[in-house]
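All chains, please: the whole structure from these sequences, using the hints.
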Amino acid sequence: MNTGTQTRTTTLGFYSLIAIMLLGFALRFVYIGVPSLWLDEAISLEVERLDWHNFFRVISEREINMSVYYFLLHFWICFGHSEFALRSLSALFGAITIPAIYALGTTLFCEATGIVAALLIAVNPAHISYSQSARGYALTIFLTVISSWLFVRAIENDSPAIWTAYSLVNMCGLYSHVFFAWVVLVQLLSIVCVRDFSWRLARWSYAALVLSMLPLAYVEYLSQGTHLSWLQRPSLVDLFNSFINLGGCSGMLLTGFLLFFAVLALLARKQARDERFPTAIEFLTLWWILPIVLTFAISFRHPLFVPRYLSISLPPLLLLSGRGIVRSRNKFLNFATISAVLLVSAPAIGDYYDDAKRNDQNNNWRDTALYMRGVLREGDALLFYYGAERFPFDFYRPPHQPDQKFAIYPPLSSAQLLLGDGKEPDDELLHVLASRYRRVYVLSEYRPNPLYHRVIEGVSMSRCVRQAEARNFGFVRVDEFDYC
1 MNTGTQTRTT TLGFYSLIAI MLLGFALRFV YIGVPSLWLD EAISLEVERL
51 DWHNFFRVIS EREINMSVYY FLLHFWICFG HSEFALRSLS ALFGAITIPA
101 IYALGTTLFC EATGIVAALL IAVNPAHISY SQSARGYALT IFLTVISSWL
151 FVRAIENDSP AIWTAYSLVN MCGLYSHVFF AWVVLVQLLS IVCVRDFSWR
201 LARWSYAALV LSMLPLAYVE YLSQGTHLSW LQRPSLVDLF NSFINLGGCS
251 GMLLTGFLLF FAVLALLARK QARDERFPTA IEFLTLWWIL PIVLTFAISF
301 RHPLFVPRYL SISLPPLLLL SGRGIVRSRN KFLNFATISA VLLVSAPAIG
351 DYYDDAKRND QNNNWRDTAL YMRGVLREGD ALLFYYGAER FPFDFYRPPH
401 QPDQKFAIYP PLSSAQLLLG DGKEPDDELL HVLASRYRRV YVLSEYRPNP
451 LYHRVIEGVS MSRCVRQAEA RNFGFVRVDE FDYC
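All letters in the sequence shown, in the order written, are residues 1 to 484 by my numbering.
No lab work stands behind these hints, which were simulated from the structure alone.
Any given hint could turn out to be false.
List time: in silico SDA-like cross-link candidates among lysine to any residue, alpha-carbon distance up to 20 Å [stated by the list, open to error]:
1. 357 to 82
2. 405 to 415
3. 405 to 380
4. 405 to 377
5. 357 to 10
6. 357 to 29
7. 405 to 394
8. 331 to 394
9. 405 to 371
10. 405 to 357
11. 357 to 445
12. 405 to 374
13. 357 to 370
14. 331 to 29
Between beta-carbon pairs, the in silico distance windows are [what the hints assert, rightly or not]:
15. 196 to 357: 53 to 63 Å
16. 14 to 266: 51 to 61 Å
17. 260 to 56: 42 to 52 Å
18. 14 to 339: 13 to 23 Å
19. 450 to 379: 44 to 54 Å
20. 453 to 157: 53 to 63 Å
21. 411 to 185: 43 to 53 Å
22. 351 to 379: 19 to 29 Å
23. 51 to 464: 41 to 51 Å
24. 34 to 470: 20 to 30 Å
For glycine and all other residues, C-beta sits at the position ideal for the given N, C-alpha and C.
See below:
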């Protein structure tokens, strides 16, 4: 099928895009090194630090879900091991998503839609937060946009080169995050609405994609979802929050603006005359809604509903909102609308940066390690009730503080912890800790779940406790037990 679509960038559009990219780049690097590393970011760092043998072992047995991101980070980290260096790879992918969504919006509709969508993602607090996290979410969002752009181009031109590029990007996307599969499903469903579609090349592309998924499916089957065991069934409030979070954690007003203009684009569907892709609105609507709704439904049996996993639904919302904003031919009205969106974006971005700078609004392992350096003495024990939580602590613990002065549990290597060993301390270990050491400190990114209560009860009931004290460093909790 060849629709004869041509995308052309005007001089004004080019300079507008450059200005938006510079703005987006700056917003993604402001305060990027200020917040303390949280658990998942420290896991990214530990995977990167492994030798190649253990790296591929951990990837193939447990961490295959973000393997493309880990592989890229393994080389990127040569620039340094600071918070800034670790997060800057995500910031880079966040920045280059801006021209990517411009290209997709221009291909689907018109240059004005592409420009507005690029501006919306440049100032979106949720996307800024994903771009400032040492995880694979910014990479996944970027790949969803590129995949969709290639999908539209393949529908238009049915070119072997484009279908091959589409397959390769999809393979990378699936191994950047398994939820990328929702985007591929939406693309397949959208093909049904395309007239005179030829499967001649497409069938080979999707066959290769299915084959590439087999290792991912095998590893996920072996893990039996143990890495998601902390999740619970979602509620309608969680479903509502998943839509609100697309505008940023404090961006309810911004999200309201985005939803309003997205719905406006849907209602004005019949009046649209400049859609370059015949099923653009249907495609974007499915991409936006379907991953959230299906994940919510599946989570009642197999919980996997996490708002940040659903960041793949952010680009279509912004594209639909951009389409709704420029629907009018009145340039003054469009300018006023864009200005209003920018005005409501600014406070949400400010709130995000304020939270990033406040130690009580993040998992403050930096101050936790500083505090523990002052209180730990020989004969003390340090217990991480979730073993991998040792990673962010070790990152901030000074190298001149030797382990022999105190005991650390679980006493396992990084590879063992990454493979899931030592995840839950048993009753015997808790009894040994309480009977053998003068003081026991329990460190955790505080989650008052049954496991946490069992651990605290185990270290406090096995021996006379002279003093029990708890300190909080943001969302990190230190429980101290001083025995008689």
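Do the hints match the structure? See the list:
1. 357 to 82: Answer holds: residue 357 to residue 82 is near 17 Å, not above 20 Å.
2. 405 to 415: Roughly 24 Å separates the two Cα atoms, so the pair is violated.
3. 405 to 380: Given that 20 Å is the threshold and the Cα spacing comes to 8 Å, the pair holds.
4. 405 to 377: holds, 7 Å
5. 357 to 10: Answer violated: residue 357 to residue 10 is near 40 Å, above 20 Å.
6. 357 to 29: With a Cα-Cα distance of about 14 Å, the restraint between residue 357 and residue 29 holds, given a limit of 20 Å.
7. 405 to 394: holds, 15 Å
8. 331 to 394: Violated. Residue 331 to residue 394 sits at ~55 Å, over the 20 Å cutoff.
9. 405 to 371: At roughly 16 Å apart (the allowed maximum being 20 Å), residue 371 and residue 405 satisfy the hint.
10. 405 to 357: violated, 33 Å
11. 357 to 445: holds, 18 Å
12. 405 to 374: holds, 13 Å
13. 357 to 370: holds, 17 Å
14. 331 to 29: violated, 32 Å
15. 196 to 357: 53 to 63 Å: holds, 55 Å
16. 14 to 266: 51 to 61 Å: Since the Cβ atoms of residue 14 and residue 266 sit about 30 Å apart, the hinted range of 51 to 61 Å is violated.
17. 260 to 56: 42 to 52 Å: holds, 48 Å
18. 14 to 339: 13 to 23 Å: For residue 14 and residue 339 the Cβ distance comes to about 22 Å; the hint holds.
19. 450 to 379: 44 to 54 Å: violated, 30 Å
20. 453 to 157: 53 to 63 Å: Holds, at about 60 Å.
21. 411 to 185: 43 to 53 Å: holds, 44 Å
22. 351 to 379: 19 to 29 Å: Violated - the Cβ-Cβ distance for residue 351 and residue 379, about 45 Å, lies outside 19 to 29 Å.
23. 51 to 464: 41 to 51 Å: Since the Cβ atoms of residue 51 and residue 464 sit about 45 Å apart, the hinted range of 41 to 51 Å holds.
24. 34 to 470: 20 to 30 Å: holds, 26 Å
In this structure, the earlier hints numbered 2, 5, 8, 10, 14, 16, 19 and 22 are contradicted, and the remaining ones agree with it.
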